[in-house]
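*Asks:* So the chains spell out like this:
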Amino acid sequence: MILLRIALRNIAATKVRTLIIGLLITFGTMLVVVGGSLLSTLDRSMARSIIGSVSSHLQLCDEGAKDALEFFSPPTGTPDLGQIRDFPKVKAALEALPEVEAVVPMGSDFAMVFSGNVMDVKIAELSAAVKRGDREKAQVLADHVHKNVVLLQESLRGLEGFVNLDDNKEERQVDLGNLATAASDEFWADFLDSPEEKLVFLENKVARLAMDAKMLFLRYLGTDTEAFRKNFDLFEVVKGEMIPPGRRGFLFSEFIYERQVKNQVAMRLDFIKENLEAGRTIKDDPKVASRVQQNVRQYKEILYQMDRQQTAQLVARLQELLEVEEKEPEKLLEQFLEMDDENFAVRYRFFYDEIAPAIVLYQVRIGDILTIRSYTRSGYATAVNVPVYGTFRFKGMEKSALAGVYNLMDLMTYRDLYGYMSPARKAEIASLKAETGVEEIDRASAEDALFGGDDGEAGGEDGGTRPSPGEGGPPPAADASSDGGFDEFAGIDMEEGGQRYGEALLRKVYPQEEIDTGVVTNAAVRLAAGVDLEVGRAAVEKAVREGGFGLSVIDWRQASGLVGQFLGVVWIVLFSAILIIFLVALVIINNSMVMATLDRTREIGTMRAIGAQRSYVLKMFLIESTVLGVGFGLLGTLLGSMLIVFLGRVGIPAVSDELYFLFAGSHLYPVLLPGHLVSAFVVVFLVSLASTLYPARLAARIQPVKAMGKED
Amino acid sequence: MGDVVVLENVSKEYPLGKLVVPALKDVSLSIGAGEFVSIAGPSGSGKTTLLNLVGCVDTPTSGVVRVDGLDIGRLSERELTRLRLEKLGFIFQSFNLIAVLDTFQNVEFPLLLQGKLSHRERRDVVVELLERVGLGKHARHRPNELSGGQRQRVAIARALVTRPRIVLADEPTANLDTGTGASIVDLMKSINETQGTTFIFSTHDARVMKHADRVVRLEDGRVVSNGDDPSAHAAGTGAELAHREEPAPYLAGE
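For the record, the sequence lines run as chains A and B. Going left to right, the first sequence walks through residues 1 to 712 as our numbering numbers them. Going left to right, the second sequence walks through residues 1 to 254 as our numbering numbers them.
What the hints contain is simulated information worked out from the structure, not anything from laboratory work. Take the hints with a grain of salt, since some may be wrong.
[What the hints assert, rightly or not] Reference listing, derived: stretches of chain B covered by chain A, where coverage requires no fewer than 3 residues with Cβ under 8 Å from a Cβ of chain A:
1. 51 to 61
2. 71 to 83
3. 89 to 96
4. 105 to 113
[Stated by the list, open to error] Here are the simulated lysine-lysine pairs, DSSO-like style, with alpha carbons at most 30 Å apart:
5. A/Lys542 - B/Lys87
6. A/Lys262 - B/Lys116
7. A/Lys619 - B/Lys116
[To be verified] Here are the computed distance ranges between Cβ atoms for each label pair:
8. A/Leu638 - B/Asn144: 31 to 37 Å
9. B/Gly69 - A/Leu635: 52 to 58 Å
10. B/Asn144 - A/Tyr669: 27 to 33 Å
Glycine included, every Cβ here is placed at the ideal spot set by N, Cα and C.
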């Protein structure tokens with residue numbers, strides 16, 4: 001084929017031009033193949049992350065909702081999602097569709113949970129022991145509190161100089177005086193003889209000076225826990241057990257539990273261990289080293305929690321381990337926590353073997369009753385108790401902060417926190433009242449029952465936790481509210497029936513109708529296996545429309561919020577890059593072809609004179625650019641495919657939390673998709689064709705007379 | 001034999017800005033089959049225009065040009081191209097070989113455009129022709145590896161490969177030295193004699209003209225002498241040679 005020969009020869013004859021065009025086309029096709037494959041793989045892994053964790057394929061929410069449902073956007077207050085009216089009907093209608101596997105009701109919100117500081121807890125325990133008349137226990141606790149007060153005084157001593165600068169100078173002076181009083185041996189000498197007054201003094205004047213209280217920020221998802229477990233395949237329980245079907249209960253996200261609920265010193269040790277295992281060192285990695293330093297500064301976290309006996313034991317063991325004579329526990333602990341790469345493994349073990357059993361390793365333990373306070377939609381504060389059954393995670397995304405952002409609770413608890421009274425809820429309360437023999441009582445005594453009860457301050461005062469020692473099941477607890485005229489429990493006699501009522505509430509197994517009936521702000525729709533997202537979406541939308549449910553249907557991408565939009569942005573960036581590259585290629589090819597046309601005017605004129613038709617010249621140019629496009633397009637496709645195959649073998653490591661989530665695991669293994677090869681090819685072909693149309697037309701118009709006469 | 005080229009009252013004008021420059025004025029001329037005709041005349045006399053019209057790469061402003069009996073003014077662009085391919089051969093002043101093709105492929109090119117012969121037939125024709133023009137050993141050389149004379153021989157072979165009725169040559173020896181030019185004209189003449197191909201060529205060179213059966217002289221776009229004995233014009237040679245220093249006319253209208 002002479003045209004191909006001419007084309008090839010021309011391409012070979014103009015090396016610089018060929019090289020520039022070749023580079024552009026090669027790079028462009030590579031970008032299409034690599035970028036396309038990467039993003040598609042990312043899209044899949046992200047779909048896996050989001051569909052398999054909280055969103056499922058589709059989400060339903062109120063058509064008239066003020067805010068959009070966005071699971072993974074930073075929380076900016078509670079979004080107003082409206083609610084799904086008559087959820088059971090929606091569920092029935094959608095689950096009847098062949099495209100739909102299941103509909104899972106949901107609601108998400110967040111709450112702050114405060115845990116008391118050690119001082120508060122210990123004083124409360126002391127107070128309880130005194131009330132019980134348990135002198136032995138009281139003495140141990142008194143010693144512990146005394147020790148902590150002394151520690152507190154010492155830690156504040158360094159700050160005395162700053163007191164004069166304080167605006168509330170006088171108050172600070174008084175505080176320090178109170179602290180000195182409480183730290184003195186005289187204060188404690190006859191403590192057990194007249195404890196009441198001193199306890200009040202400790203509670204009111206001293207405890208608040210200790211500032212190690214923790215605040216937990218919890219985002220939670222209220223859902224039909226059984227349906228959730230069945231329909232989100234990445235879900236798995238790590239610690240403890242699954243909330244029994246139909247029960248009220250709370251599951252911590254393993255991530256939150258390990259990173260926020262856990263004792264901070266222990267958490268940092270875990271972090272260091274993880275990093276050392278990943279090949280980093282304390283010596284060379286500043287991030288790891290800073291954790292060591294933070295631990296050294298926070299030895300008090302440990303010391304505050306130990307009584308005198310435990311402290312003495314620790315001193316002895318530490319002296320042994322560190323082979324020193326030092327007697328001061330603070331100094332010993334500081335030395336112990338000053339770890340380096342050599343001794344870390346030994347000291348890590350020591351921490352978990354010797355220290356961890358003596359301290360509260362988790363602020364909230366599995367089996368505890370968690371008191372969550374929240375502001376309801378009607379604007380009043382409410383507090384709800386819920387047993388912690390365990391922790392969960394989403395498989396493959398253990399390390400992702402984003403995947404671990406949600407804790408899980410049952411829908412009934414969620415609804416209590418949400419503060420909406422459904423008719424079914426009212427009926428439930430009525431029946432429970434009858435069952436447990438609760439009678440009407442005024443609010444004052446209800447509050448008294450809640451906060452003045454003999455199980456101390458912890459639950460009511462700071463919304464924290466009360467340990468439930470040794471029992472098999474969750475201990476009795478009460479739904480409670482602090483203030484608010486609409487409180488559903490205001491009318492319940494807590495004094496007599498409250499405990500039993502609360503207990504019954506936590507033990508009650510709710511039938512499915514009750515789980516489904518009531519506030520549901522949104523719902524996840526899981527499509528049947530193999531159903532295309534858009535097909536499923538269309539079917540669901542149709543059913544929603546026909547049922548007149550007034551719901552909008554959004555896919556997982558939208559529902560995921562910023563994370564889902566992130567990929568959209570990346571797509572746009574990639575498309576723009578590809579567009580720009582090919583536009584540049586188009587202009588350059590076009591230009592060089594026009595130049596070639598001008599250069600070859602005589603040659604083309606000669607061909608025309610000899611008898612070549614216009615179409616022949618046109619073909620000649622088109623073939624030339626097609627050969628260029630196809631040749632370098634193939635090269636780019638090949639290089640791109642090789643890169644993707646290579647990356648697919650090695651995997652792209654997730655270097656940050658966000659990537660971990662996007663990759664649905666520690667590595668992304670890009671997959672080469674034939675679609676991208678084809679599209680790369682089509683794009684290159686079209687671009688080279690388009691860029692040659694003008695010069696080819698120009699060339700075809702060259703008159704044969706141009707061949708005549710002398711060479712220029 | 002009849003006339004293969006007939007011009008009847010042909011005029012050709014070129015627009016030059018707002019002016020209209022006449023290149024040929026009322027030219028009538030016929031050339032018979034098998035003739036070896038030289039078109040002579042000073043620069044700007046209309047030689048090239050005349051050849052362009054006969055070569056069907058241009059059409060007359062008025063009058064009729066018949067090539068092999070066809071009125072080229074009535075043919076479409078496609079038909080003209082077809083006519084050139086089938087009936088005409090071109091030899092250019094600057095050889096105009098296709099740079100990226102070798103000798104063999106350059107000569108083969110018109111046959112490929114025609115698409116009538118098989119690969120084998122084409123090869124036989126081209127090889128025979130290359131022997132004929134003395135380039136049998138240079139079949140695989142690119143134009144830039146050949147001398148001027150060799151290139152023009154390739155061009156002659158290319159012009160002849162389709163066995164055209166008429167070969168048009170615009171100053172075929174202008175870019176060659178005297179000796180080479182003479183050998184090229186000898187070659188053309190021998191082909192004319194053995195195959196009866198009509199040759200129409202323009203030239204300034206009196207020594208080239210001497211080979212012609214007939215010299216058509218143009219001046220200012222008019223035929224001043226038609227069918228003279230070429231030797232009669234030897235006297236004018238000096239003047240013709242003086243013109244060689246000027247740039248050769250690209251278009252006669254300049």
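*Asks:* Now tell me, hint by hint, if it's right for this structure.
*Replies:* For each hint, the structure was consulted:
| no. | hint | result |
| --- | --- | --- |
| 1 | 51 to 61 | holds (count 5) |
| 2 | 71 to 83 | holds (count 4) |
| 3 | 89 to 96 | holds (count 5) |
| 4 | 105 to 113 | holds (count 6) |
| 5 | A/Lys542 - B/Lys87 | violated (73 Å) |
| 6 | A/Lys262 - B/Lys116 | violated (90 Å) |
| 7 | A/Lys619 - B/Lys116 | holds (20 Å) |
| 8 | A/Leu638 - B/Asn144: 31 to 37 Å | holds (34 Å) |
| 9 | B/Gly69 - A/Leu635: 52 to 58 Å | holds (55 Å) |
| 10 | B/Asn144 - A/Tyr669: 27 to 33 Å | violated (54 Å) |
Taken one by one, the earlier hints fail for this structure at numbers 5, 6, 10, listed in ascending order.
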